Amino acid sequence: MTIALPGKEIADKLAGKFPGTIIDSNQNYCLVKSEALLRIGTFLKDNPELDFKYLNYITAVDYYEYFDVIYQLTSLQYNHSIILKTRCPRDSAVLPSVVGLWRTADFQEREIYDLMGIRFEGHPNMKRIVLWEGFAGHPLRKDFNGT
Amino acid sequence: MALKTEPFALNIGPAHPSTHGVFRMRATLDGEVIVDLEPVFGYLHRGVEKLAEQRTYTGFIPLTDRLDYLASMSNNMAYCLAVEKLAGIKVPERAQYLRAILAELQRIASHLIAIGAFLNDCGAFMTPILYMLREREKILDLFEMASGQRLTYNFMRIGGVSQDVPEEFLPALHRFMVQMPRFIDEYEQLLKENEILIARSKGVGILPKDLAINSGASGPVLRGSGVKWDIRKADPYAIYDRFGFDIPTGIMGDSYDRYRVRVEEMRQSLRIIKQAMEQIPAGPVRAEVPHLVHPPIGEVYARIEAPKGELGFYIVSDNSIAPYRLHIRAPSLINLTALREMIIGWKIADAIIIFGSIDICMAEVDR
Chain A
1 MTIALPGKEI ADKLAGKFPG TIIDSNQNYC LVKSEALLRI GTFLKDNPEL DFKYLNYITA
61 VDYYEYFDVI YQLTSLQYNH SIILKTRCPR DSAVLPSVVG LWRTADFQER EIYDLMGIRF
121 EGHPNMKRIV LWEGFAGHPL RKDFNGT
Chain B
1 MALKTEPFAL NIGPAHPSTH GVFRMRATLD GEVIVDLEPV FGYLHRGVEK LAEQRTYTGF
61 IPLTDRLDYL ASMSNNMAYC LAVEKLAGIK VPERAQYLRA ILAELQRIAS HLIAIGAFLN
121 DCGAFMTPIL YMLREREKIL DLFEMASGQR LTYNFMRIGG VSQDVPEEFL PALHRFMVQM
181 PRFIDEYEQL LKENEILIAR SKGVGILPKD LAINSGASGP VLRGSGVKWD IRKADPYAIY
241 DRFGFDIPTG IMGDSYDRYR VRVEEMRQSL RIIKQAMEQI PAGPVRAEVP HLVHPPIGEV
301 YARIEAPKGE LGFYIVSDNS IAPYRLHIRA PSLINLTALR EMIIGWKIAD AIIIFGSIDI
361 CMAEVDR
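Just so you know, the sequences run in chain order A and B. Sequential numbering of the first sequence, starting at 1, is according to my numbering. Sequential numbering of the second sequence, starting at 1, is according to my numbering.
These aren't lab readings, by the way, just hints derived from the structure by calculation. The reader is advised that the hints may include incorrect statements.
Said to hold, decoys possible - Which residues of chain B face chain A? A few of them, derived with a C-beta cut under 8 Å, are:
1) Gly42
2) Lys192
3) Val316
Treat the numbers as computed from the prediction; the structure is a model and nothing was measured. Beta carbons are placed, not taken as given, at the ideal position from N, Cα and C, and that holds for glycine.
Whole structure, please, built from the sequences with the hints as guidance.
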């Protein structure tokens, strides 16, 4: 059984290492500041006790005032996983790209950019993936009018 | 005198028989060798994730059929598991066993297509795939008996399955179980040491273990690279902890290893079905679930080992009758992440084989 590490436990570990970067944590997830995302990601991936070398998926949710971006990480060696979240405001929807850490992010960040309109800085090929260039708007946003 | 060549771009697809759907590879060629490659998606994008926000939880099940249409049962199952986890619904025992039987039959059917199409790409034109289609037909007959459909089953429901299987289903399944191992032996006899297959696929399109993990590969692609990771064992869902089976893995991570893993997985699926047939109890096949499901506020991720890899549904609920947000973790899309690295340096004819050995379904890639 994959052990879902409590977000709180990871948050305590991270708080000692990167003070002031944790916004919130509970049993299910750990919400971190976007500017610390890459540092935290590198730590989670390279720490031998955590070993989060496998990124299952990335997705984004529109909460009107802000977007939440969700990363689920797994260690195939220890069979444990966590959910890492980060947040960005609606008016400046920019986040650092994690492609340098996990290649899995490549197409998925492009998909989020395409459908949700969050730009990932540092992505080598940040352009639309399923819709065509010139498409107006980002369909998965809650205020998108599809009719 | 050495001839100077100039790189030029070639579009393989979107309408090309060997791209298995509407997929386009923009290849940059130096002579016949591919020096760069960019996959282009979107020809089959229907906005399934957005459509989910406008449908009830039950109303979305038919759309899951249309993701990976070669494995509709698996899609149904992954989605229903996610909603059940979110709403805390318990599935009756008989339904659990029926789901496991159908999902494993679906894995065999999907792998038959994968192997047949892969051999087609290798140059063993039409003969193997017709053998495979012959056996897949028998599985489709079983599915038709259970659900009335042959491609988009819409059979599973939140809290169970739509109806119990007819009484002739289990005897028919038993007959299939007797025949199928013989057919797999027949394929092995024809193909395992087939010189064309070995010459075309051994050592071709190697996906190293580290890159496989880093690029999020799953299913036979990950296992072909030698990683022993199967969600049915690593994170058993439904009743998979009750079955004994092995996880076949490859050694080199080449196209041939991925093919081998699929053949072995069919045998393991038969083992699981056999155990499920022995254990299946009588009883109800559907829990008492209200017409309109209102899961409590929260979010959930549930995943299964689908034929093509880790298929997961991430659902955010706001306690209404429709998902607030639904995301599909599509194995077909993510398995293509490392395609560029796998293909660069090979010739066009090899690129077709490497792409075929990943086994994708475009309806799932574009969603």
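We went through each hint and held it up to the structure:
1. The restraint placing Gly42 (chain B) at the interface with chain A holds, with a minimum CB-CB distance near 4 Å, inside the 8 Å limit.
2. A least Cβ separation of about 29 Å between Lys192 (chain B) and chain A goes past the 8 Å threshold, and the interface hint is therefore violated.
3. At about 6 Å, the closest approach between the beta carbon of Val316 (chain B) and any beta carbon in chain A falls short of 8 Å, and the interface hint on this residue holds.
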